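Protein chains: 2
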Amino acid sequence: MKILLIGANGQIGKHLVQLLQESDEHSLKAMVRREEQAEALKESGVEAVVANLEGSVEELAGAIEGSDAIIFSAGSGGNTGADKTLLVDLDGAVKSIEAAEQIGAKRFVMVSAINANNRDAWADSPIKPYMAAKHYADKALIASDLNYTIVRPGGLLNEPGTGKVTVAENLTRGSVPREDVARTIIASLNEEKTYRQSFDLISGDILIADALKNL
Amino acid sequence: MKILLIGANGQIGKHLVQLLQESDEHSLKAMVRREEQAEALKESGVEAVVANLEGSVEELAGAIEGSDAIIFSAGSGGNTGADKTLLVDLDGAVKSIEAAEQIGAKRFVMVSAINANNRDAWADSPIKPYMAAKHYADKALIASDLNYTIVRPGGLLNEPGTGKVTVAENLTRGSVPREDVARTIIASLNEEKTYRQSFDLISGDILIADALKNL
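Sequences listed follow chains L and X, in order.
According to the numbering used here, the first sequence holds residues 1 to 215 in order.
According to the numbering used here, the second sequence holds residues 1001 to 1215 in order.
Read the hints as simulated data drawn from the structure, not as lab findings.
Some clues are possibly wrong.
Claimed, not checked - To spell it out: a stretch of chain L is covered by chain X in this simulated footprint if at least three of its residues, at any positions, have a beta carbon under 8 Å from a beta carbon of chain X; those stretches are:
| id | region |
| --- | --- |
| 1 | 148-154 |
| 2 | 186-196 |
Stated by the list, open to error - Dumping the calculated DSSO-like pairs for lysine-lysine here, alpha-carbon to alpha-carbon at most 30 Å:
| id | chain 1 | residue 1 | chain 2 | residue 2 |
| --- | --- | --- | --- | --- |
| 3 | X | K1128 | L | K139 |
| 4 | L | K139 | X | K1014 |
| 5 | L | K2 | L | K164 |
| 6 | X | K1106 | X | K1139 |
| 7 | L | K29 | L | K14 |
| 8 | X | K1139 | L | K139 |
| 9 | X | K1139 | L | K128 |
| 10 | X | K1128 | L | K128 |
| 11 | L | K14 | L | K42 |
| 12 | L | K106 | X | K1139 |
Just so we're clear, the structure is a prediction, and the values are computed from it rather than from any experiment.
All C-beta atoms in this analysis are idealised placements derived from N, C-alpha and C, irrespective of residue type, glycine included.
Okay, chain L solo, but in the shape it has when bound (with noise of 0.2 Å):
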């Protein structure tokens, strides 16, 4: 499939970029908010383009044109306000949604967070805002037309990944390394099982493709 990346630049970003650029069965479009960004992606050989989620509809459905499958790994980060965290975090994706609707977009795979379906479970966290914006970007994904997957991943670490994971329509809490959630949303793609799906993911036993055959 022809995958549109979207956050390609994030940590996440960055195993998915590297993954699909070993892939046979996948081909890689790179979006990023920044051209020096897209430089340095088509210096080691990954095609890039230059789109703000805090753009229009329009502007982000023409950088997608053309893709089977959008993933959706951006986030505007711990480092801004509440403001960026409405504007990106949840405007954007559901933008980013509503461009996949115009292209007709086969997939749409979305990065969530654990529990962002399950409003009690972040009543206290200290990333509510967050959390709240991942509950209605996911929410305005399960109501398109999309074949979407949601992944929502624990508590992310950098650490190499295992290859295992557990998933489950709510688990409690766990982590799991960046690098599996990247694998997890990979495999994803043209697992049936995970179409019109979603799902916590943290670290466990199975590997990843049979875990997802038996959601």
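For chain L, the structure is supplied; the task is to place chain X on it using the hints.
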């Protein structure tokens, strides 16, 4: 109808309290965030309940139980950060919608903002995060099973109302006294032409009741 007013202590809310106190058709229960606000209302003869829009859907459902119509005129205000915009103007509004569905409320009237439905109109707005929050709260209400009316006033003025307005699906710009916004909300409650409708509202030449009948 038994009206439950969320945001009774706000600037539009205070007009609504006064109009509903004078009403023969409706009775009022005011929902406010702080105990002292409730006490002040009770001293003026207004039934009041304390509940927090940052609390749970269950807390809100308890506060609004027994009401026929919910009016949502709360706002986090201009002096708080975008975190409160997300948690009050968006999540608080959607939790109120979910609570209204739970209690089987007959009507839900939302105070929104002019052009909140039209993302392009606030692309460069200084209050873009607020507009995004209202946009998604309104979308959640439209997606609900409630018999809603979404009133989207233009720039809010504190001058006395004229009782005359312009309402339409989409207006470019304009302003309107808060008193006329409150009157329009009250007039909407039993006006079938406003059922499951959204409209922009600015000052104009047509009596409020007639303007709503022409929707």
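### Message
Check the hint pairing K1139/X with K128/L against an upper bound of 30 Å on the C-alpha distance.
### Response
OK: K1139/X and K128/L at ~21 Å, within 30 Å.
Claimed coverage, the region 186-196 of chain L by chain X - three or more beta carbons nearer than 8 Å | violated (count 0)
**Message:** Would the hint linking K1106/X and K1139/X be met if the CA-CA limit is 30 Å?
**Reply:** 19 Å, holds
Between K29/L and K14/L, does the CA-CA distance stay at or below 30 Å? 13 Å, holds
- request: Starting from K1128/X, check that the Cα of K139/L is at most 30 Å away, please.
  value: 21 Å, holds
Run the distance test for K106/L versus K1139/X: straight-line Cα separation, threshold 30 Å.
24 Å, holds
Query raised in the report: Given the hinted pair K1128/X and K128/L, is their alpha-carbon gap at most 30 Å?
Result: 20 Å, holds
Quiz item: Keeping to a limit of 30 Å between CA atoms, is the pair of K2/L and K164/L held or broken?
Solution: 26 Å, holds
- Query: Counting residues of the region 148-154 of chain L with a beta carbon closer than 8 Å to any beta carbon of chain X, are there 3 or more?
  - Reply: violated (count 0)
- Task: For the pair we were handed, K139/L and K1014/X, check the Cα-Cα distance against 30 Å.
- Result: 34 Å, violated
>> K1139/X and K139/L were given as a pair; does the straight-line alpha-carbon distance stay at or below 30 Å?
In response: 11 Å, holds
(Q) Need the status of pair K14/L, K42/L: alpha-carbon distance at most 30 Å? (A) 14 Å, holds
Hint check: violations occur at hints 1, 2, 4; the rest are consistent with the structure.
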